[in-house]
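Peer 1: Note that the protein sequences, when read in sequence, are chains C and Y.
Its first residue numbered 1, the first sequence is counted upward by one per residue in the working numbering.
Its first residue numbered 1001, the second sequence is counted upward by one per residue in the working numbering.
There could be a bad hint or two in this list.
[What the hints assert, rightly or not] What follows is a set of in silico ranges between Cβ atoms, one per label pair, in the way DEER data are often shown:
#, chain 1, residue 1, chain 2, residue 2, range
1, C, Ser107, Y, Asn1065, 28 to 38 Å
2, Y, Tyr1095, C, Ser58, 13 to 23 Å
3, C, Thr26, Y, Lys1009, 28 to 38 Å
4, Y, Tyr1095, C, Asp55, 18 to 28 Å
5, Y, Pro1075, C, Tyr98, 34 to 44 Å
6, Y, Gln1057, C, Thr26, 33 to 43 Å
Hints in this document: simulated from the structure, not taken from any laboratory.
Small disclaimer: the values here were computed from a predicted structure and weren't measured.
Glycine included, C-beta positions come from ideal geometry on N, C-alpha and C.
Spelled out, the chains give:
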Amino acid sequence: GDSVTQMEGPVTLSEEAFLTINCTYTATGYPSLFWYVQYPGEGLQLLLKATKADDKGSNKGFEATYRKETTSFHLEKGSVQVSDSAVYFCALSDRGSYIPTFGRGTSLIVHP
Amino acid sequence: NAGVTQTPKFQVLKTGQSMTLQCAQDMNHEYMSWYRQDPGMGLRLIHYSVGAGITDQGEVPNGYNVSRSTTEDFPLRLLSAAPSQTSVYFCASSYAPAGETQYFGPGTRLLVL
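Turn these sequences into a full structure, and let the hints steer you where they fit.
Peer 2: Here is the structure:
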């Protein structure tokens, strides 16, 4: 079945540091890939997505590239801010399945 | 659009009590689902629906019931609450079940004593 593996947290960084959160996936079909963000006390919201190989999703300074050859969708940001502190979920949605698959989430803590 | 709304935001129950968590969306989405989120466990799917009148079980359905009489509403019922059901519950919806962005509600925090 489909699965998503993302690095365990928490990831702790200083403000303006470079961020990478790794995400790899296993899927039987050709999935769409997503990063969701959950701020404290809130529900998940879409951060970015990519629907086919080599697509790059971007939003709010975050980027991720759909790499079919390495089955990866790593999240990056060049300079994090304290306001980026949240939990980040990698997910896939396979067109052959009703149920999206989520990773376990990675907590990011950014210190001033 | 209000998006996905959930009520209540917070609830305390005693063991054995019943309650219904409400979820509604105004985006005319066919697919709706319920998740629970527990520390270290990520999101676990409880039940989902691909349209009015159609529901199915997810990963952790025991102790929960659902029905989908309208496109807009997807309530989750706890028939006899147990402390193991203490969690944060999220409702989500999407235009189609596969390949689409999920829109999440703000969550319901449930404490079962």
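Peer 1: Hint by hint, which ones does the structure fall short of?
Peer 2: 5 and 6
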